[in-house]
Amino acid sequence: MIRIRPYQPDDWPAMWEFMAPVLHAGTTYAVPRGISESDAYRMWVELPRAVRVAEDAAGKVLGTYYLKPNQPGPGDHVCNCGYLVAEHARGQGIAGRMCQDSLGLARELGFTAMQYNIVVATNEVAIRLWQKYGFSIVGTLPCAFRHPEQGLVDAHIMYRLL
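Under my numbering, residues 26 to 187 are what the sequence shown spells out, in order.
Don't read these hints as lab results, they were simulated from the structure.
The C-beta atom is built at its ideal place from N, Cα and C for all residues, glycine as well.
Treat each hint with caution, since some may be false.
To be verified - Result set (SDA-like, lysine to any residue): computed pairs, CA atoms no more than 20 Å apart in a straight line:
| id | residue 1 | residue 2 |
| --- | --- | --- |
| 1 | K85 | F43 |
| 2 | K85 | P34 |
| 3 | K85 | A111 |
| 4 | K85 | V47 |
| 5 | K85 | R115 |
| 6 | K85 | H113 |
| 7 | K85 | G135 |
| 8 | K85 | P31 |
| 9 | K85 | G121 |
| 10 | K85 | P38 |
| 11 | K85 | R132 |
| 12 | K85 | R122 |
As the list claims (entries may be wrong) - What follows is a set of in silico ranges between Cβ atoms, one per label pair, in the way DEER data are often shown:
| id | residue 1 | residue 2 | range |
| --- | --- | --- | --- |
| 13 | S61 | H102 | 27 to 35 Å |
| 14 | R58 | M26 | 30 to 38 Å |
| 15 | A83 | P34 | 15 to 23 Å |
| 16 | G116 | G84 | 14 to 22 Å |
| 17 | W41 | D81 | 15 to 23 Å |
| 18 | T137 | P31 | 30 to 38 Å |
| 19 | R58 | E133 | 29 to 37 Å |
| 20 | E112 | E62 | 23 to 31 Å |
| 21 | T137 | G116 | 30 to 38 Å |
| 22 | H49 | E133 | 27 to 35 Å |
| 23 | T137 | K85 | 31 to 39 Å |
| 24 | G59 | R132 | 21 to 29 Å |
Throw the hints in and build the complete structure from the sequences for me.
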């Protein structure tokens, strides 16, 4: 069983444990290789409007995502969403569950478009989920990054609410 819940301060050590290898390897788009823990914390926890954690029935952290305004300011309705799934948890459908959850949360927070970064589901799966939950594609940016599980994938996919 996978549960998605709000971030709690006690979650950070477990999150940083699986985030650090990815961020330090420089395999994510627009994140400098060797980012410090304090900078990662600011990027993932302090600045976002909402942070969610995926956990199993025993409470073990499996993944995380954040939602934040793409360019914070009055009237900005574009939501930036970043995902990471722990290596030990890949292949369990966690990315899909977080994707589904993030769409509902984005609507609750009043966003009308979403930009996805650090995509850990396959693009085809993500596109089906986003369309199912009321978003339609409006374009992609010509940027890509190498994900250890998927190889080269689109780093940015933009959706808007129907």
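To see whether the hints hold, each was checked on the structure:
no.	hint	in the structure
1	K85 to F43	12 Å, holds
2	K85 to P34	15 Å, holds
3	K85 to A111	10 Å, holds
4	K85 to V47	19 Å, holds
5	K85 to R115	14 Å, holds
6	K85 to H113	11 Å, holds
7	K85 to G135	30 Å, violated
8	K85 to P31	14 Å, holds
9	K85 to G121	18 Å, holds
10	K85 to P38	12 Å, holds
11	K85 to R132	27 Å, violated
12	K85 to R122	16 Å, holds
13	S61 to H102: 27 to 35 Å	31 Å, holds
14	R58 to M26: 30 to 38 Å	35 Å, holds
15	A83 to P34: 15 to 23 Å	20 Å, holds
16	G116 to G84: 14 to 22 Å	20 Å, holds
17	W41 to D81: 15 to 23 Å	19 Å, holds
18	T137 to P31: 30 to 38 Å	23 Å, violated
19	R58 to E133: 29 to 37 Å	35 Å, holds
20	E112 to E62: 23 to 31 Å	18 Å, violated
21	T137 to G116: 30 to 38 Å	32 Å, holds
22	H49 to E133: 27 to 35 Å	34 Å, holds
23	T137 to K85: 31 to 39 Å	35 Å, holds
24	G59 to R132: 21 to 29 Å	36 Å, violated
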